Structure formats: C-alpha cells, structure tokens
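Novice: In case you want the letters, here they are:
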Amino acid sequence: MNGLRVLLVRIASLFHRRNLDADLEEEVRTHLELATADNVARGLSQSAARTAAMRSFGGVSQIKEGYRQQRGLPIFEILVRDFQYSLRQLWKAPGFTITTVLTLAIGIGVNTAIFSMMDAIVLHPLAVPDLDRVVTMTEEQGRGEYKQVALANYQSWLQQNHSFEDLAVRQYASLSLTGSGEATNVDVDYTSANFFHILRAKPLLGRLYEPSECQHGQDHVAVLSYAFWRKHFAADPAIMGHTVRLDDHVYTIVGVMQKSMQYPSTAELFLPLAPTPTQLEDRTSHDYLVLGRLRRGVTMGQVQAEMRVIAERLARSYPASNLGYSVKIEPLLDAINGDLTPLYFRLVLAAAVFVLLVVCANVANLQFVRGIARRPEIAVRTALGAGRNRLLVHLLMENIVLGLLGAIGGLILAAISLHFCAISMPERVARYVAGWSNVSLNGRALAFSLLLAIGAGLVSGMLPALKSLRVNLVDQLKAGSRTTSGSRQTHRLRDLFAISQISLSVLLVIGAALMCKGMWSMLHVADAYQPRQSLTFNITLPAARYATDEKSVAWYQDSLERLRSLPGVTHAEVTTALPDGQDGWSEEVSLENRPTVPGKFQSAMHLAVSAGYFQALHITILAGRLFNGNDTLSSQPVAMVSGKFAERYFPGDNPIGHRIRMGAASEGKDTWVRVVGVCSDVNYDWVDRSNEPAVYFNVAQMPPGHVTYILTTTGNPLLLAGSVHSALAAIDSRIALDGVQTYQQYLNDCLVGLLYVAVWLTVDAGVGLLLAAIGIFGVMANIVAERSREIALRIVLGANPKDMLRMILRRAAILTAAGVISGFVLAGALARLSASLLFGVSPSDPLVFLSISGAVTAIALLVSWGPARRAASIDPMRAIRTD
Amino acid sequence: MGDKSDVLQGTLDLMVLKTLESMGPLHGYGIARRIEQVSDNSLSLNQGTIYPALLRLEQRGWIKSEWGASETNRRAKFYSLSRTGRKQIEKETENWERTAATMARFLAPSS
Chain A
1 MNGLRVLLVR IASLFHRRNL DADLEEEVRT HLELATADNV ARGLSQSAAR
51 TAAMRSFGGV SQIKEGYRQQ RGLPIFEILV RDFQYSLRQL WKAPGFTITT
101 VLTLAIGIGV NTAIFSMMDA IVLHPLAVPD LDRVVTMTEE QGRGEYKQVA
151 LANYQSWLQQ NHSFEDLAVR QYASLSLTGS GEATNVDVDY TSANFFHILR
201 AKPLLGRLYE PSECQHGQDH VAVLSYAFWR KHFAADPAIM GHTVRLDDHV
251 YTIVGVMQKS MQYPSTAELF LPLAPTPTQL EDRTSHDYLV LGRLRRGVTM
301 GQVQAEMRVI AERLARSYPA SNLGYSVKIE PLLDAINGDL TPLYFRLVLA
351 AAVFVLLVVC ANVANLQFVR GIARRPEIAV RTALGAGRNR LLVHLLMENI
401 VLGLLGAIGG LILAAISLHF CAISMPERVA RYVAGWSNVS LNGRALAFSL
451 LLAIGAGLVS GMLPALKSLR VNLVDQLKAG SRTTSGSRQT HRLRDLFAIS
501 QISLSVLLVI GAALMCKGMW SMLHVADAYQ PRQSLTFNIT LPAARYATDE
551 KSVAWYQDSL ERLRSLPGVT HAEVTTALPD GQDGWSEEVS LENRPTVPGK
601 FQSAMHLAVS AGYFQALHIT ILAGRLFNGN DTLSSQPVAM VSGKFAERYF
651 PGDNPIGHRI RMGAASEGKD TWVRVVGVCS DVNYDWVDRS NEPAVYFNVA
701 QMPPGHVTYI LTTTGNPLLL AGSVHSALAA IDSRIALDGV QTYQQYLNDC
751 LVGLLYVAVW LTVDAGVGLL LAAIGIFGVM ANIVAERSRE IALRIVLGAN
801 PKDMLRMILR RAAILTAAGV ISGFVLAGAL ARLSASLLFG VSPSDPLVFL
851 SISGAVTAIA LLVSWGPARR AASIDPMRAI RTD
Chain B
1 MGDKSDVLQG TLDLMVLKTL ESMGPLHGYG IARRIEQVSD NSLSLNQGTI
51 YPALLRLEQR GWIKSEWGAS ETNRRAKFYS LSRTGRKQIE KETENWERTA
101 ATMARFLAPS S
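Chains A and B are the protein sequences, given in the same order.
Everything in the first sequence is counted per the numbering used here, starting at 1 for the first residue and increasing by one.
Everything in the second sequence is counted per the numbering used here, starting at 1 for the first residue and increasing by one.
Hint data in this document are derived by calculation from the structure and do not stem from the laboratory.
Errors might be hidden in some of the hints.
[To be verified] Straight line, CA to CA, 25 angstroms or less: simulated DSS-like cross-link-like pairs of lysine-lysine:
no.	chain 1	residue 1	chain 2	residue 2
1	A	231	A	202
2	A	64	B	64
3	A	259	A	147
4	B	87	A	64
5	B	77	B	18
6	B	87	B	77
Predicted, not measured: the structure shown is a model, and the values here were computed from it.
For reference, chain B alone in the conformation it holds in the complex (with noise of 0.2 angstroms):
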C-alpha cells in the first residue's frame, strides 16, 4: 500500500488531457503508463484511479471513447481529445500555472 498521496483532482485532468494531445488515441493503461513515466515513478498513482478520471472527463465531453483493439488483440477502449477538450486544455493549464505561480509565491524563502 505505502503512503500514496492522492493526486490532486485537477492535475490527474490535466496530465489525462495533455497525454492524449502528445500521443493521440490511447486506452486506460497506456495513458497511466504513460503519465508514469512522464512523471519518471516520481508520482506513486493508483493506475486504477486514471477510470474515474477518464468518466468524469468524458462526461463533460473533453474526451470520447470507442471500443478498439489492444496490441495484444484484447478489446479496449481508447480515448481520444474532443474539440472542446483542445480548447480546454489551454484554459486549465492557465489555471495550473496560476496556482503554482501562486504556490511558488508562498514557498518562497520570505525577505
């Protein structure tokens, strides 16, 4: 088990939406893989974590879905940007650079 800190809601979105930009259509796994390895293990996430993600996101329409076939033949399901969730990228990531910036303001050594 180990102390897993939950990633916060809005970064999970985040990272899910920019993977599928860099690398386009991909099923649960490989995007968790993916964010893994990006994150070089430095971030221990539950793979399993990425579906509720993946849901919430498709149900506010950012992404979509389709039944597809895994590299192992297996049926799966792939997930891919929709338009909007192009544009929204562009917002929440201002939204993240904000918050860190404002983060980075407060952990800054005061003068």
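One chain only, chain A, in its complex shape (with noise of 0.2 angstroms):
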C-alpha cells in the first residue's frame, strides 16, 4: 500500500517539477537565514554566521540533489535527460555520429535481415495453434530407410493409438490442369477431411470439405489455396460453385484456403483423399503421409513408446508386409525444416554476429578517442559532484542513443536486402520453402534490431565509459593541460579491439571463401554432362488416358522420334532423374535365390531411362550390353546395374544374366526382371555424393509416369522451347511441360538455398573486412596524433624520418600479426566444426587459408601506411610548437 502511495506521489511530482525545485530553493534559503540569524545572536559576526550556518548544513547541492532524487523517479529522469542530452552532444559532433550510427546500421542491418528471414522461414513457417502438438508419421524401414505410410497401417494406428487427438492422411500428386488455354500441371494434395482441422485451418471462403466427401463418387469438390486463386481466378470472391477439370476430372470449388495456410507449401489444390476398399487393405503401397495432432499433455517419448508398440504388434499380425518396420515420429516444424536449412541460417546468423562484433570494436575504438576530447567536461562534472555511476549511465546512455539510431539505419538496411533476396529468389524455387512468402520486417525483427541496438551501445560502450571516468581530477582541471594521449591501459584495450577485428574478418573472410570455393564446385559437379548445352523439362502423363503400359511406351515412342529430329538436337532422352539433381529415389532391392534375412533390407535408386540415356550423357558400359530396340513390353523385362551395385550385391560374382526386383511383390505378378549390363557409377543426390547403388529400368519396358526429358544441343538450348512444345502438342495437346529450363538452371536452382548462404557469407565478410580496415587505420592515425610531439622531438634529435614510418608501420605489423594469427586458427577451428555443412569444402584448405591471411595483411599494412607516411612528414618545428 504504501510503496504504491509512494510511487504515485513520485511520478505526480514529476509533472510540477519546476514549483516543486523553486519551493526546495526557498526552504533551504529560509534554513541559512534563520541559521545565521541564531549564529549572529550567539555573537558572532555577519559572514562568519553565515559560514557556520553553510559548514552545519553540510553540502548544498548534494542535499538538494538527495532531495530531488527522494521526490521524483530518479532513474526515469535521468535516463529522460540524459537521452535529449546525448541527442544534443551528438548533434554537435556530426562526424562522429555519422560514422558511428553508419558503422552500428550496418551491423544491425545484416543481423534483422537473416534473423527476418530465419523467423519467417524457420521459427514461424506456419501459423498454426500449438505447432509444437504437430508432429509428421513416416514408417522407417530397418535402421535409417524413411518409407511413406502404408493405408491399412494408418487406419490400424488411427483404431490403436491413445495419444492423438486425430490422425490425418494426404498424399501429393500432379495432375494436369485443363480447360483454360494451354494445360498445365498443378500440385494438389489428397487430404483426409480432418487434416485441416488437425492444422486447425479455417477457410478464407466458402467451406473445407467433409468426412462424408472423402467417399468413393462423393469426392468432386476441390479447396483452392489462396496464391493458386490469385494466379488463376484473380481472387474473384464469387468463385464458390465454379468447377475446375483436373486429369479430365470435373471437381466443384467449394472453398479458398488462407494465405497463413502454407503446409504443404507446394499445394495448389486440396481435394479429397477417397481410397478405395483394397486401398484401405493395402500394407505394402507405401505412398501417404501422416499428420498427428498429439493430446494435450503427451510428449514425444510417450508417444514414441505407444507407436513402438503398435508396429510391433503388426509386425506380429502381418509379418509379411510389416516385419522390421518401425514408425519416426518428427515435430512438424522439424519435418518442414528439414536437417539443413537450421544449420544454414545458424551459419549465417553467427557471422552476422560476428560482423556486429567488429562493428562493435570499431564503435568502441572511435568511442575511446572520443573519451580522451571529453575528459575535461567530464573532471568538470565529477568535481560539481556527478557520482561515478550517474556519470557511467550518461556516458552508455549515449551509446544507446546512438544504437538506437543505428538501429533505424539498420532496419532500412535491412528491408532493402530482404527486397533483394525476394526478388532474386526464383518463384519456382520459392513454392518449396514454407513461409518464405511471411519474410518481412514483423515486430518480433523490431524487437530484436531494439536488443541489439541496446546490447550493441552497451558492449561498445562499457569499456570507454569506464576508462574516461577514471580521469585524473587535478591535471584535467588545470588550466592549459591539454593532453590528448590516453593513457597505456587504455592503448592496450585499443590494440586489442584493433587485433580482435583483424582476427574476426579473416575468419570471416575465410569462412566465405570456403564456402565460394564449395559453392563453385558443386556448380561444375555435373560439368562432364555439359549441362549447359541441355534442356531438359518434365511431364506426367494423365493416369486416365494413359491407363495402359502399350498407350506410355507409344508416347515416349513417339515423342522422342519427334523431338530427335528437331534442327539442333543431338540426343533426346527421359529419365526419371537427371545426375546430381534431388530427384532420384531409392527403394528396395531383392535378389533372385538370394533371400536376405528378414528384416534386414537392402536398397538401391531405382531410375527408368530410355535405350539412349546412356550415351547422350556419355555413361560408360562396364560389361553386358545396353538396352536396345528388342526390348519391348512383349520381352523379357531386363535392367542395367551400376557398378556399386554390382559391386556391393554382387561381389566377387558377376551380375550378368541374374534376376533381381525392386519393391515389393505385388498382386502375384512376375516381376523379375534380368540384368543385361553394368555402367560406371553416376551420383543421383546432390547432397549425398556417396554414389548409391543404381537399378536402371527401360521406359519402353517399364513406363513410368513421370518423366524428366534431357535434350543435348549443339546451340542454345533454350531457343529450342517453342519448337519442342509445338513438336508434343502435335501428340496430345494436352500434356503439360514443366520447368523448361536447361540442365544448368536445374541444377542450379537445387544449389539457391546454398547460394544464398554463400552471398550472404560475402557480404557479412566483405562488410567485416572493410571495417576492420577503417578500424585498423583509425587507430594507426591515432597512435600518430597522440605521439606527433614525441616523433617530432625524436626528429629534431636526430632521428631519420624513414625510422618514424618504419617505427609506425612496425607497430602496425605486429597489430596485424597477431590479429590475422588469432583468426587463422579460429578458422581452423571453425571449419572443421562445420565441415559437415560445407559441401564440397575441405575444412583445411591451405590454399585459402595461406592467401586469405596474406591479403588481410596486405590490406591492414596497406591502410597503415598513410598514418606512417604522416609520421615520418611531420614538421618538427609545428608540432612542437602546437602546444
């Protein structure tokens, strides 16, 4: 109670604060008065009373200044006065303020704009209620094989679990959109009708579908997401009713998602997931994901031990189909972020930190030399009574300050980076990351560009402000001292702010060129295929018209003849997966009469290419013969094997003429199939570069259907476009080609997360490094300005000018070697601690290292070398004289 009262009466009386000092004023002149009136009745004279009357009231202002802080909110006060007068001092030193707020902007800026962009991407990518409650379901096949979910299993698991509150199914497909012009494919999802209520997603318009809607024949209803009713019905609100054909289905528009929406982030449509009765059966087809929504209250072991338990009682059930598997169960947000994207952003992140750091150092480099100007006012300040820790609040409050404003520097910085990366990043690539359309300077970017501004003048500021408060009283107030070295302490703090810079950007900068010199080999990994001169692009023939293998193979017949005899066209081949792209798969592989031991499981990639794949990208034959025109859907099925393979399921045997399988059987039929030759090994993953063994079927055998083309040039590939979609709508008009691009940009665009790492690691390097410069020669400058009377007297004793630039520049060299040392074997240290994240890098790569260092050197001497100049011209006579 009282200490309320007491609070309220303080912050009244900050409002009147004027009557209230005048009132203070006239009580104590009144207290002297009546003092001196009793002093001079005890008999003494006039000024000797008074005098007495001051001694016995002890100091003046100090008890005023006591009585001021009893009667307002003191700190409140101070920090209000203290933040218009640090505007004011700034103000009127406009060099500095411009250089520092600059120098804090920058480091700010680089910091808001990844954390932007790691908030949006990964901290938030979804805006759903209790994320943290979502998790995904795969089946894990013996240790470490990740398999979609088989539907008889999710029903058992949806009829056996306790700790879900509900369990949902999608499945992603690609269907072609016709109707409107030229057809398209489009990404819809299958979905369960509570996969949106699990997500807790609500429409924008209309309504989701039902449970009694996921039926066989009830299931013609579609959900449009809300970037797909923008693309294609320019967000006519009056859409409901409308319908859309999809694969030569006819489906009902009956709702609009919201744009918060965004899992799964490349669907387009939802329709109903209606699985038929055998469907429902069906332990072997793994080709579903699950979605959970645990209970309140249940954590991630519990219901790992609940679903251990589960799979082995179908294990035991149906140990045909479901021995040695086991469920993963993965937060969502872990699921949508993958294993990579974390640890990139956290790269960046702490480089961006890093650049701030040296920020940092620079700001309190310029803040000592600013602290050795102010001493003066400061020895004025402390003998009027400042204390010491009013003294420090004002100095950091000015620190503050100037964060605070290089924190509005600092978001423009970043709002302008954040629009560079938005329109440089390809919309093709873009649909993939969830949330990268959420990137934006949110409140919770303000708040941390706030902390940073803060953290950054506080750890900028402390040390100067307290350095400048330890002055010396006298020799400061005397009159005509005008001093302006430090003292030896606070040299040693500048030379260790000058050496952590230097160290800090050669780490950075090694850290970007290591990551350059990765990102450019992952750039040529695939050069030997020559992928600048292919254009490749990627079709899905419709399931209804293309019900039969005869109706595939006719197509992949048809459109190759076509496309080959096009002017300027050298090879024209499909695959389902193109050499180091993220497209190949790989599934389980049985050998003929050699059983393996159940539960124990043995994979390969499976690809389908055509009979000339091999020679357009010029993969050699090992042994056995390639496929040829007698291989048809009337022959024996036959497959080529890569050389890992045969190596690791073959050895020592020669797999020629063996039959093997992949997948599982299925429906009694044969499908053996004889292996007629082996190939050199060609990596299909661009992150696993460990060359999986490899199964390679003939589309005219074994269609799939979908397909990537690759056609080889002799000129621009991309001038081919027009002439190969008019050579394929003379076929059927209505098949849709994807991504029409060459080779190169396909590849490239699975390297835009890495780019991005890599740019982002040059300019926080680029950044740092020129700070560091400034930084270096500042202080060099300095070293000259304080000792300008010391250089002179030594010239004028003698010393030869050219030992005054060797003297500097010496000092500047052993700056600089200790700096670019330090940051040497922190790198070090650094990359090999990040290894794993770097591909194609080699965490010790003399090569880098040895150059970087010597350029930083180079570069730090470089800047060193006008202060040494100044020194070795200084005109003894002025400066002695200076003084």
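Put the two chains together into one complex; each comes in its own frame, and the hints tell you how they fit.
Specialist: Written out as structure tokens, the structure reads:
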C-alpha cells in the first residue's frame, strides 16, 4: 500500500518539477537565514555566522540532489535528461555520429535481415496454433530407411493409438489442369477431411470438405490454395460453385484456403482423399504421409513408446508386409525445416554476429578517442559532484542513443536486403520454401533489432565509458592542460580491439572463401554432362488417358522420335532423375535366389530411362550390353545396374544374367527383371554424394508416369523451347511441359539455398573486412596523432624520418600479425566444426587459409601506410609549437 | 567536513516524528536544531539531510506540510504529524526498541 502511494506521489511530482524546485530553494534559503540569525544572536559576525550556517547544513548541492532523487523517479528523470543531452552532444559532433551510426546500421541491418528470414522460414513457417503438438509420421524400414505410410497401417494406428487427438493422411499428386488455355501441371494434395482440423486451418472463403465427401464417388470437390486462387481466378470471391478440370475429372470449388496456410507449401489445390476398399487394406504401397495432433500433455517420448508397441503388434499380425518396420515421429516444424536449413541459418547468423562484433570494436575505438576529448567535461562534472554511476549511465546513454539511431538505419538496410532476396529468389524454388512469402520485418524483427541496438551500445560503450571515468581531476582541471594521449591501459585495450577486428575479419573471409569455393565446385559438379548445352523439362502422363503401358510406351517412342528430328538436337532422352539433382529415389531391392534375413533390407536408386540415355550422358558400359530396340513390352524385362550395385550385391560375382526385383512383390505378378549390363557409377543425390547403387529400367518396358526429358543440343538450348512445345502438342496437346530450362538451371535451383548462404557470407566478410580496415586505420592514425610531439622531438634530435615510418609500420605489423594468426587458428577450428555443412569444402584448405591471411595482412599494412607517412613527414617545429 | 557517520535512516525518521510529536508544527531548521539539542550535540548531523527525510515521511503520508511565516517573518514550510504518523510512532518505537535490545545483547560481555 505504502509503496504504491509513494510511487504515485513521485510520479505526480514529475509534472510540476519546476514549482517544487522553487519550493526547495526557498526552504533551504529560509533554513540558512534562520541559522545565520541564530549564530549572529550568539555573537558571531554576519559573515562568520553565515559560514557556520553553511557548514552545519552540509553540501547544499548534494543535499538538493539527494532531495530531488527522493522526490521524483530519479532513474526515469536521469534517463530522459541524459537521452536529450546525448542527442544534443551527438548533434554537435556530426562526423563522429554519422560514422558510428552508419557502422552500427550495417551491423544491425545484416543481423536483422537474417533474423527476419530465419524467423519466417525456420521459426514460424506456419501459422498453426500449438504447432509443437503437430507431428508427422513415416515408416522406418530397418535403420534409417524412411518410407511413406501404407494406408492400412494408418488405419491401424488410427484405431489403436491413445496419444493423438486425431490423425490425418495426405498424398501428393501432380495433375494436369485443362480447360483454360494451354495445359499446365498443378500440384495437389489429396487429404482426409480432418487434415484441416489438425492444422486448425479455416477457409478464407466458402467451406472445407466433409468426411462424407472423402468417399469414393462423393469426392469431386476442391479447396483452392490462396496463391492458386489469386493466380488462376484473379482472387474472384464469387468463385464458389465453379469447376476445375484436373486429369479429365471435374471438381467443384467449395472453398479457398487462407494465405497463412502454407502446408504443404507446394499444394495448389486440396482434394478429398477417397481411398478404395482395396487401398484401405494395402500394407505394401507406402504412398501416404500421416500427420497427427498430440493430445495435450502427451510427450514425444510417450507417443514414441506407444507407436513402437503398435508397430510391433502389426509386425506380428502381418509379418509379410510389416516385419522390420517401425514408426518415426517428428515434429511438423522439423519435418518442414529438414536438417540443413536451420543449420545454414545458424551459420549465416553466426557470421552476422561476428560482423556486429567487428562493428562494436570499431565503435568502441571511436569512443575511446572521443572519451579523451571529453575528459575536461567529465572532470568538471565530477568536480561538481556527479557520482560515478551517474556519469556511467550518462556515458552509456550516449551509446544507446547511437545504437537506436543505428537500429533505424539497420532496419532500412534490412528492408532493402530482404527486398533483394525476395526478387532474386526464383518463384519455382520459392514455392518449396514454407514461409518464404511471410518474410518481412515484423514485430519480432523490430524487437530483435532493438535488443541488438541496446546490446551493441552497451558492449561498445562500457569499456570506453569506464576508462573515461578514470580521469585525474587535478591534472584535467589545470588550465592549459591539453593532453591528447590516453593512458597506457587505454592503449592496450585499443590494441586488443584492433587485433580482434582483424582476427574476426580473417575468420569471416576464410569462412566465406571456403563456402564460395565449395559453391563453385558444386556448380561445376555435373560439367561432364554438359549441362549448359542441355534442355530439360518434365511431363506427367495423365493416368486416366494413359491407363495402359502400351499407350505410355507409344507416347515415349513418338515424342522422342519427334524431338530427335528437331534441328540442333543431338540427343533426346528421358529419365526419372537427372544426375546430381534431387529427384532420385531409392527402393528396396531383392535378388532372386538370394533371400535376405527378414528385417534386413537392401536398397538401390530406382531409375527408368530411355535406351539412348547412357550414350547421351557419356555413361560408360563396364560389362554386358545396353538397352536396345529388342527390349519391348512383350520381351523379358531387363535392367542395367551400376558398378557400385554389382560390387555391393554381387561381390566377386558377375551380376549379368541374374534376376532382381525392386519394391515389394505385388499382386502375384512376376516382376523379376534380368540384369543385362553394368555401367559406371552416377550420382543422383546432390546432398549425399556417395553414389548409391543404381538400377536402370527401360521406359520401353516399364513406362513411368512422370519423367524428365533431357535434350542435348548444339546451340542455345533455350531457343528450342518453342519447337519442343509444338512438337509435343502435335501428339497430345493436353500434356503440360513443366520446368522448361537448361540442365544447368535445374542444378542451380537445387543450390539456391547454398547460394544464398554463400552470398550472405561474402557480404558479411566484405563488410567485416572493410570495417576492420577502417578500424586499424583509425588506431594507427590515432597513435601517430598522439605521438606527434614525441616523433617531432626525435626528428629534431636527429632521427631519420624513414625510421619513424618504419616505427609506425612495425607497430601496425605487430597488431596485424596478432590478429591474423588468431583469426587463422579460429577459422581452422570453426571450419572443422562446420565442415559437414559446407559441401565440397575441405576444412583444411591451405591455399585458401594462406592466401587470405596474406591478403588481410597486405590490406592492414596498406591502410597503415597513410598514418605512417604522416609520421615521417611531421614538421618538427610546428608539432612542438602547437601546444 | 570531519567524520560524519551517517545516521541510520529509520533512526532519523523516528527522531523527526518524535520531535514533531512533542513540539507540534515546526519548520526544517527548527527540527534540525531540536534534534541537535536533544542529542546534546553528540550526533554530528548535516542539518541539510533533514530535508530528504522530511520528504520521505511526507511521501508516506506520516507528516504534512504547510507554508507559514517564520519567527523572522520569512516564508517557511511547517511540518506537522498526520494521524497515520501518530500511529506510526508507536510501531517505529517498538521496532527501535527491539533492534536496540538485540544490539545490546550482542554488545553485552559474553559470559
């Protein structure tokens, strides 16, 4: 009660400070007069009486100050006053202010931009309430072989679990959208009706579909994604009830999803998943993704334990399909982010923090110089009774003001760089990045930059402020004392800052260089396939119209013949995955008459290619034969395997003539395939470059529904796009061509994330290096300025100006060497720690380490050359006379 | 200057309250003099420190102040006890006695 009353009285006093000050003034005056009068009455002279009164009163200013502190809210008042005072002081030193604010703006801007992206993409990609309770579930075969879920298993989980509020299932599909203009492929998701409820997603317009519509025959309704609605229907709110034609089925639009609902990020339309009774019984087709929302209070450990029990029970009941399978449960956020993205962001953010540290060191050095100039002011304030803490707050306030001004600049810089990131990201890649369209400077980014501003202000200001409080009162107040040199300890601190700047910038530049070098090698990894002269695109054969293998094979034969006859085309082939790309998928493989232990699995990449694929990409044949025209739908199915496959599954044996099978045996069909050839290894996974064993099937025998075409050309491949379109439209105009681009562009798309990392690191390194160069220049210039009298004296006494030059340069060299060596060691350690992140990078790359250390040393010495020259050209007479 | 040991905050507050209780409304100088006299000048108190203490007591609502004319006919602020202040004296006295008794036990020669 009392505390509150006091607080209110104190706050009230803030509003009539001036009156209260006058009251206090009068009260003190009365007091002194009464005391003087008493003293006179006791027989003292007027002046002695007054002196005695003053003495017994105590320090008038201190008492008044104490009184004021008791009266108002001193901290608040002090802060406000210091804030205003700092602004005035900074206004009076525009050079210092502009330099410092710009430096801080760079540091804060880089950090805020990266934080905003990280916030939108990694931390909050989905606007889902209680996102931490939403998990995805996949089946794990053996150890580490993840598969999607079979529908019957999902049904069992649904019935047997007690941990989940609900489970939902979804399945990705690519369908061709026809009816309006040229056919296009759209990405859709078939989902169960409760999928939306698990994500707590509400429609923007219309309604979502009901469980009754997830039944065969009732399922011709569609919910549009926000982006699809904007793109194809110009955000027309009266769209409900219209129809879309997908793969020759007609769907009625019943709703539009909200913009914030970006899971899965690729889904353009949501359609009801209406499984047939046979599909519901199927435990071998692992084609579905399962999503669940945990009951409140259920931990990951509990749900994992329960699902383990269920999986074991299913393995006992259905050993043929379920033995060796367990369930992997992962928070949805982790599933969206994957392993690499958060790591990349952490790497880039760490680099940005290093830049901010370089910035702080620079600002601190500027503050040291300013602190020396401000000594008389500090001395006067101390003499007038300002307390140490009071002065410290005052000095730090100036840094916080600088930090806040820097934050304003930083936010502007961040907005600009985010804009550049947004426009440089290809749309075809952005759609795979959940949350990309949410990247913006939101409240969290503002709070983050504010935090950085205050933090940077305090970090860069604390030491200089503490230093400048240590003034020798008497020396400073002596008239004419104009010492401009700092104490020995100040020098040591400043040296330390310069060294750490150089050290951090060496670290940043080495990191960026390693990353860029890795990036460069990644960009050229597929050069053997001449990706710049090749055109690629994808097609999906609509299952309804290409229901039989005969029809599909005819399409492939016809389309390839027509493409090969186009002028400028040297090869035209199809494949299900391009080398060094991201479309390869691996599958379980069985060898005839060589059963494996149940529960132990062997896998290989599954590819379907046209016969000429190997020649077109210069893949050599190690044994056996290539596919040829005699391999048809009616002949024995054949396969080619990679060298690695032969080595791993037929060690010391010739695989040719043996029969193998990929995937699970299905529906009693004889799916054994005879191996007829062995080819050299090709990598189909840009992340894991270990050349997994591969099995190639012939599209003329086992035609897939979705393929990539690759055309090698003699000229500019992109110029062929038009004639390719019309050649294929002549066969079937309702087949859409997706992602028409050069093979190199396709590879680059895989690397976009990495490219961003490399660019950010390079920017960070450039900024760091620039700031460090400015920093060491400042330190050296200051040393020369402070020692100008000493240097002048030495020259007068006969020293050679060249020796002075050497003296200054030697000092620069010592600082630089210390910085470069520590940065070198630091970079080595950090590179080793993050080696797994940097593809194609060897953490111990002596060429990079040495050349960069050399370059930074050269830059540091170069910028020190100016101050050193000045030292050598000091005019002794003038330097000595100035004081 | 001399060695002026700080008077404990609570102690000074109690002295002020007791002074106002026995003397009635009084201005700052009067209170300071009275404290000096009662303590027989053994307490070396900066008279000025009385003012922050008076403010503190006023903020808590234990005393009130009013402008009036001093004996030399100057405008002076006169302080007087409020009703809560009177009650507070009892509490503060108790507190003080308890503290003093505790201290006395510490300072007594141990047996």
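Novice: Let me make sure I understand: some of the numbered hints might not hold for this structure. Which ones are they, in numerical order?
Specialist: The structure breaks hints 3 and 4; every other hint is satisfied.
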